[in-house]
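Just so we're aligned, residue 27 is where the sequence shown starts under our numbering, counting upward by one.
Note that these hints are calculated values from the structure, not bench results. Model, not experiment: these values are computed from the prediction. Keep in mind that a hint or two might mislead.
What follows is a list of derived Cβ distance ranges for each label pair [stated by the list, open to error]: (1) Ser156 x Lys274: 43 to 49 Å; (2) Arg143 x Asp62: 30 to 36 Å; (3) His264 x Asn142: 38 to 44 Å; (4) Lys154 x Arg82: 36 to 42 Å; (5) Asp155 x Phe273: 51 to 57 Å; (6) Ser156 x Gly103: 29 to 35 Å; (7) Tyr109 x Lys49: 15 to 21 Å.
Heads up, the beta-carbon is just placed ideally off N, CA and C, and yes, glycines get one too.
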Amino acid sequence: MESERLNSRINFMKVPLDILEEKNLEEKILELLQNDKSNQIVLLSFADYIKARNSREFRTLLNKASLVLPSSSLITGGIKFLYGRESSVYINYDLVLKILSILERNGKSIYIIGSNRKTIMTSEKNLKDSYPGLHLVGRSSSFYNKESEKDITLAIKKSSPSLLLAGSGLKGKNYWLYRNCDKFNPGLTLWSPDCFEIFSGKKKRPSKRVSKRFFSRLGRSILKPWRIFYIFPYLMFHINLIVYRLFKNK
Numbered sequence: 027m028e029s030e031r032l033n034s035r036i037n038f039m040k041v042p043l044d045i046l047e048e049k050n051l052e053e054k055i056l057e058l059l060q061n062d063k064s065n066q067i068v069l070l071s072f073a074d075y076i077k078a079r080n081s082r083e084f085r086t087l088l089n090k091a092s093l094v095l096p097s098s099s100l101i102t103g104g105i106k107f108l109y110g111r112e113s114s115v116y117i118n119y120d121l122v123l124k125i126l127s128i129l130e131r132n133g134k135s136i137y138i139i140g141s142n143r144k145t146i147m148t149s150e151k152n153l154k155d156s157y158p159g160l161h162l163v164g165r166s167s168s169f170y171n172k173e174s175e176k177d178i179t180l181a182i183k184k185s186s187p188s189l190l191l192a193g194s195g196l197k198g199k200n201y202w203l204y205r206n207c208d209k210f211n212p213g214l215t216l217w218s219p220d221c222f223e224i225f226s227g228k229k230k231r232p233s234k235r236v237s238k239r240f241f242s243r244l245g246r247s248i249l250k251p252w253r254i255f256y257i258f259p260y261l262m263f264h265i266n267l268i269v270y271r272l273f274k275n276k
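Start from the sequences, fold in the hints, and give me the full structure.
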């Protein structure tokens, strides 16, 4: 099948993951936009991997997602260790920019939801300036009362965006997109933390090198000593890798 040629899904120690080369990203995005369903894209960090190992609902979310892409070099290193396969590390904000460029080149549309009213409005303006060929069909702050949610999901459905991009402040994050997917028309959905804060200039764009390096995070434990407890999941991760490699062919 065409989708299998572009990407392959593996069961990475009980957690679903897709191996997709960056050179195939545009073709894959356009393929998903033609499959007549709501397609959730999830970027899986190491913390998300740990969550997936312990949460049945999150594993179900990942199993139903159309793309689950690794955003941690630890995970891609684990994939190479177990399967002998190279896998791209997708940095959250960079992936958003790549998808926006793909959508603009192909005359597609976007709806944005997240953050506060001022930030989302500034993001809307800057997105229009940066991607003039991208149709921005709606926006919503994530700070709304429960009674307004039905109106918001209806507005998203009516505007029928190619991409529903969600950001900080949205209660439930990836879960919100997952639980509401049946209320949307076919297209893509993606949750990206801090994307609107970066679009609006409130935060700086993260460094690629820092995003990919585990030891930079470990070094920050000096400033926040409680982070030293993160070492235990990392140790268990590497122990599990060894166990899975020893027994995967038995």
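Task: Hint check for Asn142 and His264 - Cβ pair distance inside 38 to 44 Å - done: holds, 40 Å
Open item on the list: Given a hint of 15 to 21 Å, does the C-beta separation of Tyr109 and Lys49 actually sit inside it?
Closed with: holds, 19 Å
Open item on the list: Holds or violated: the 36 to 42 Å window for the beta-carbon distance between Lys154 and Arg82?
Closed with: holds, 41 Å
TODO: With 30 to 36 Å as the target window, see if Arg143 and Asp62 comply at their CB atoms.
DONE: holds, 34 Å
Task: Ser156 versus Gly103 beta-carbon gap, inside 29 to 35 Å or not - done: holds, 34 Å
Open item on the list: Quick check: does the Cβ-Cβ distance between Asp155 and Phe273 fall within 51 to 57 Å?
Closed with: holds, 54 Å
- [ ] Kindly confirm whether 43 to 49 Å is satisfied by the beta carbon distance between Ser156 and Lys274.
- [x] holds, 45 Å
Consistency with the previously given hints is maintained throughout, with no hint failing.
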